[in-house]
Each structure stands twice: as structure tokens, then as C-alpha cells.
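Could you build all of it, start to finish, from the sequences and the hints given here?
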Amino acid sequence: MPNKKNDTLTFLGEQIDPGQSKEVNFDVANLHTASPVNVPVIIERSKKSGPTVLFTAGIHGDEVNGVEIVRQLIAKGINKPKCGTIICMPIINIFGFINLKREFPDGRDLNRVFPGSPNGSLASRVAHKLIKEVVPHADLIIDFHTGGSGRFNAPQLRYSKENKDLNTLAKVFGAPFVLYSKNLSKSFRTTCNKLNKPLLLFEGGKSFHIDDIVTNSGVNGSKRILKHLGMLKTVFKSSKPKKGCTFIDSSKWIRAKYSGMFKASVSIGSQVKKEDIIGNITDPYGKFNYFVRASNSGYIININELPIVYQGDALFHITTKLKR
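Here the sequence shown stands for residues 1 to 324, where the numbers follow this note's numbering.
None of these hints come from the bench; they were simulated from the model. Keep in mind that this is a model prediction, so the values were computed, not measured. Some hints could be false.
Straight-line distance between alpha carbons at most 20 angstroms, and here's what the computed EDC-like set of lysine to aspartate or glutamate pairs gives [to be verified]:
id, residue 1, residue 2
1, K227, D165
2, K80, D139
3, K80, E23
4, K22, D109
5, K132, D109
6, K242, D283
7, K257, D276
8, K252, D212
9, K252, D276
10, K82, E133
11, K101, D211
12, K273, D249
13, K257, D283
14, K101, E305
15, K186, E103
16, K186, D109
17, K171, D139
18, K76, E23
19, K194, D165
20, K257, E305
21, K132, D276
22, K82, D139
23, K182, D276
24, K257, D313
25, K161, D249
26, K194, D139
27, K80, E44
28, K182, D165
29, K80, D7
30, K48, D165
31, K242, D276
32, K197, D276
33, K47, D27
34, K129, D211
So the derived label-pair ranges between C-beta atoms look like this [claimed, not checked]:
id, residue 1, residue 2, range
35, A75, N38, 27 to 37 angstroms
36, T33, K182, 22 to 32 angstroms
37, M261, K48, 29 to 39 angstroms
38, E162, A29, 45 to 55 angstroms
39, N119, F288, 46 to 56 angstroms
Backbone N, C-alpha and C fix where the C-beta goes; we use that ideal spot for every residue, glycine too.
Given below as C-alpha cells:
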């Protein structure tokens with residue numbers, strides 16, 4: 001990470017001097033009622049020069065657990081750096097967060113419209129402003145997400161296998177799993193990668209839900225990264241992860257062969273063997289009971305927690321190949 005000269009930072013039209021704290025507004029459009037929408041961005045600067053770390057969450061409006069992680073970083077004062085600058089954006093898709101919906105009011109998924117356009121849809125305009133006015137200041141970005149549609153993700157980091165320079169930071173972060181995944185077209189992660197801005201994407205938990213284990217994993221990982229960069233104040237403890245990261249080369253979904261009532265019988269993060277019973281699908285009348293078995297040996301990194309499933313629904317995300 002570069003050790004930047006500590007000059008005045010011009011951010012979203014505001015001037016922030018070394019040693020200063022400021023909340024600025026990332027505003028794009030009003031609500032349909034003409035009410036203004038304030039999207040706070042919290043900036044904390046040390047008097048000592050150092051890197052700039054950007055924490056983001058809420059790209060999807062229903063992913064509340066990511067918002068909670070960044071909220072805790074702010075509420076506990078972890079975002080006050082020993083050196084450098086920390087920028088926190090707890091909610092990017094404020095419109096979706098207000099309505100507890102994944103998408104923007106225009107129906108678009110913000111994470112599929114980057115780098116955006118100043119004259120495009122509402123989602124596209126937000127993406128453009130984020131890329132043009134926020135991202136250029138960052139030396140490292142940590143972006144928090146959760147699973148969707150009732151599917152609970154084990155705490156994990158995601159980035160493409162080609163980004164080998166992120167392996168060291170991932171080990172420092174200390175999430176239980178690191179999943180190598182391809183960069184998706186027009187995603188925030190892909191756009192930052194093209195701009196040579198290193199980004200760790202954290203996944204954990206599920207939509208409309210806050211889980212303490214997931215939250216702690218995100219907060220503790222962030223503290224370890226800040227300590228690694230020399231930015232964490234000594235008042236905060238940074239514990240080592242209980243076990244090392246498991247790096248995942250490939251994975252697959254185990255899907256429902258039948259529709260019915262579903263219940264998993266293994267816990268998230270479990271290591272299973274091929275043909276182990278990991279769940280069952282039943283009918284409401286007690287006439288049918290189908291046992292879901294592991295397709296291969298591996299770790300369960302996502303579980304569908306919805307009680308009702310249909311044929312073809314994703315039930316479990318299981319690792320198929322680990323990094324050696």
C-alpha cells in the first residue's frame with residue numbers, strides 16, 4: 001500500500017484536512033416525493049500519512065448484514081486510523097435499503113451496471129458517481145455482501161484467481177474460506193479490477209438478516225487488515241483467526257430433485273464426505289421423504305434456509321477442489 005503525502009483531501013466537493021473527521025453526502029436523486037435523500041459517507045483522517053482504505057456495503061438494498069459490519073466499524077471507532085485515511089460507505093443503494101429490496105427503483109441491479117453513465121438510469125448514475133468520485137481516492141476497497149433468496153453464505157472472501165496479489169491480504173483478513181470466482185461483467189469488483197484498485201469482496205449470511213458470527217468475521221477481518229497496514233490504533237485488539245483460510249479452486253451447487261418442504265441437517269462450513277446425508281425434502285402429508293446426499297466430499301459454504309423449495313432450486317454450495 002502506498003504511503004501517501006498527507007495533503008488536503010477533496011472528496012465529493014468537500015475539503016478534509018489531515019487529522020479531520022467529516023461526514024459528506026453522496027447524493028444522486030431525491031425520492032419521488034421530492035424529499036432529499038442523504039447518503040452519508042464517513043471520512044476519518046489521521047495527521048500521519050498512510051494508505052486510504054474504503055469500506056463499502058449495501059450495493060444490494062436487502063443485504064443488511066454488510067451494512068451492520070460497516071456500522072460497527074464506525075460505532076466502535078475502528079474507522080479512526082492511526083495513519084492514513086478510512087472512508088466508510090455503509091449504504092450505497094439507499095433506495096433499495098429504504099424499501100428492503102435488492103434492486104433500485106428502476107428494477108436494475110446496481111452490481112450489473114458498472115462503470116455506469118452520467119446520463120443513464122438511476123442505478124447507472126449512482127455507479128458512475130461511485131467510480132468517478134469515490135473509488136479514485138482508495139488504495140484498498142473492502143466490499144461487504146450477503147447471500148440472497150434465503151441462502152446463507154459461510155463467511156468468505158471472493159476474488160478472481162488471477163489476482164494473486166490479494167492472497168496475502170486474504171490470509172491477513174482471516175475469513176474461514178476464500179472462493180476464487182471469475183469477475184462478473186459490469187460488477188463493482190470487475191470495474192475496480194480494471195482500474196487497478198485492489199478489492200476484497202466479503203460474503204456472509206443472507207438477506208434480511210443479521211448474524212453475529214458473520215458480523216464478527218467481517219469486523220475482525222477488517223481490524224486485521226488495518227493492523228497489517230499500520231492503521232489500527234493500539235486501543236483495539238486484533239486476534240488471530242482460530243484457523244487458517246481454506247482456499248477454494250472450484251465449487252458446485254447441489255440442487256433439489258423434488259419440490260417440497262426442505263430442511264438441512266448439516267451446519268454451514270461443515271466438511272462432509274460423498275454420499276453423506278445433508279438434508280431432506282418431504283411433502284406436507286407425511287407420504288414422502290427424500291434424503292439429500294453430498295455429491296462429493298468437500299465443505300458446505302452455502303445452505304438454502306427456505307422451508308419450501310422447488311425442483312431445481314439450489315440447496316447447498318459445496319467445494320469440489322481446494323487449492324493445494
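Hints, one by one, checked against the model:
Taken as a hint, the K227 and D165 pair is honoured in the structure, with Cα atoms around 18 angstroms apart against an allowance of 20 angstroms. Simply put, K80 and D139 have alpha-carbon atoms about 17 angstroms apart, close enough for the 20 angstroms limit, and the pair holds. Restraint check for K80 and E23: satisfied, since their Cα atoms lie roughly 13 angstroms apart, inside the 20 angstroms limit. Taking the CA atoms of K22 and D109, the gap is near 30 angstroms; set against the 20 angstroms cutoff, the hint is violated.
About 19 angstroms separates the Cα atoms of K132 and D109, which keeps this hinted pair within 20 angstroms; it holds. Note on K242 and D283: the hinted pairing is violated, with a Cα-Cα distance of about 40 angstroms set against a maximum of 20 angstroms. The straight-line distance between the Cα atoms of K257 and D276 is roughly 16 angstroms, inside the 20 angstroms bound, and the hint therefore holds. Restraint check for K252 and D212: the C-alpha separation of about 27 angstroms exceeds 20 angstroms, so the hint is violated.
With a C-alpha separation of about 16 angstroms, the suggested pair K252 and D276 falls inside the 20 angstroms cut-off, and the hint holds. Our distance criterion of 20 angstroms between C-alpha atoms is broken by K82 and E133, whose separation comes to about 25 angstroms. Among the hinted pairs, K101 with D211 is consistent with the structure: their alpha-carbon atoms are about 19 angstroms apart, no more than 20 angstroms. Pair hint K273 plus D249 holds up; C-alpha atoms about 18 angstroms apart against a cutoff of 20 angstroms.
For the given pair, K257 sits about 13 angstroms from D283 by alpha-carbon distance, which is consistent with the 20 angstroms threshold. A threshold of 20 angstroms between alpha carbons decides the hint, and for K101 with E305 the separation of about 19 angstroms falls inside it, so the pair holds. Restraint check for K186 and E103: the C-alpha separation of about 15 angstroms stays at or below 20 angstroms, so the hint holds. Using a Cα cut-off of 20 angstroms, the hinted pair K186 and D109 holds, with the two alpha carbons roughly 10 angstroms apart.
Restraint check: the Cα-Cα separation between K171 and D139 comes to about 18 angstroms, which is no more than 20 angstroms; the hinted pair holds. Between K76 and E23 the alpha-carbon distance is near 16 angstroms, which keeps this suggested pair within the 20 angstroms criterion. Proximity of K194 to D165 is assessed by CA-CA distance (about 14 angstroms); at most 20 angstroms being required, the pair is judged to hold. Of the pairs offered as hints, the one joining K257 and E305 holds, with about 17 angstroms between alpha carbons and a cut-off of 20 angstroms not exceeded.
Distance hint between K132 and D276 is unfulfilled; the C-alpha atoms sit about 50 angstroms from each other, more than 20 angstroms. Between K82 and D139 the CA atoms are separated by roughly 16 angstroms; this keeps the pair inside 20 angstroms, and the hint holds. With a C-alpha separation of about 29 angstroms, the suggested pairing of K182 with D276 is violated against the 20 angstroms cut-off. Between K257 and D313, the direct Cα distance comes to roughly 8 angstroms. Compliance with the 20 angstroms bound is thereby established for this hinted pair.
Proposed proximity of K161 and D249 is supported: the alpha carbons are some 8 angstroms apart, at most 20 angstroms. For the hint linking K194 to D139, the alpha-carbon distance of about 14 angstroms falls within 20 angstroms, and the restraint holds. Taking the CA atoms of K80 and E44, the gap is about 6 angstroms. The hint holds against a cut of 20 angstroms. For the proposed pair K182 and D165, the alpha carbon gap of about 15 angstroms is at most 20 angstroms, so the pair holds.
Distance hint between K80 and D7 is fulfilled; the C-alpha atoms sit about 17 angstroms from each other, no more than 20 angstroms. With a C-alpha separation of about 26 angstroms, the suggested pair K48 and D165 falls outside the 20 angstroms cut-off, and the hint is violated. Under the criterion of a C-alpha separation no larger than 20 angstroms, the hint pairing K242 with D276 is inconsistent with the structure, at around 26 angstroms. Distance restraint check for K197 and D276: the Cα-Cα separation of roughly 42 angstroms exceeds the 20 angstroms cut-off, and the hinted pair is therefore not satisfied.
Between K47 and D27 the alpha-carbon distance is near 28 angstroms, which puts this suggested pair outside the 20 angstroms criterion. At most 20 angstroms may separate the alpha-carbon atoms for a hinted pair to count; K129 and D211 exceed this at roughly 31 angstroms. Between A75 and N38 the beta carbons are some 18 angstroms apart, a value that contradicts the proposed interval 27 to 37 angstroms. Range check, T33 to K182: Cβ separation about 41 angstroms, and the 22 to 32 angstroms hint is violated.
Between M261 and K48 the Cβ separation comes to about 58 angstroms, which falls outside the hinted range of 29 to 39 angstroms. Hint check: E162 to A29, Cβ distance near 36 angstroms, so the stated range 45 to 55 angstroms is violated. The beta-carbon spacing between N119 and F288, approximately 55 angstroms, falls within the hinted interval of 46 to 56 angstroms.
Checked against the numbered hints listed earlier, the structure breaks hints 4, 6, 8, 10, 21, 23, 30, 31, 32, 33, 34, 35, 36, 37, 38; every other hint is satisfied.
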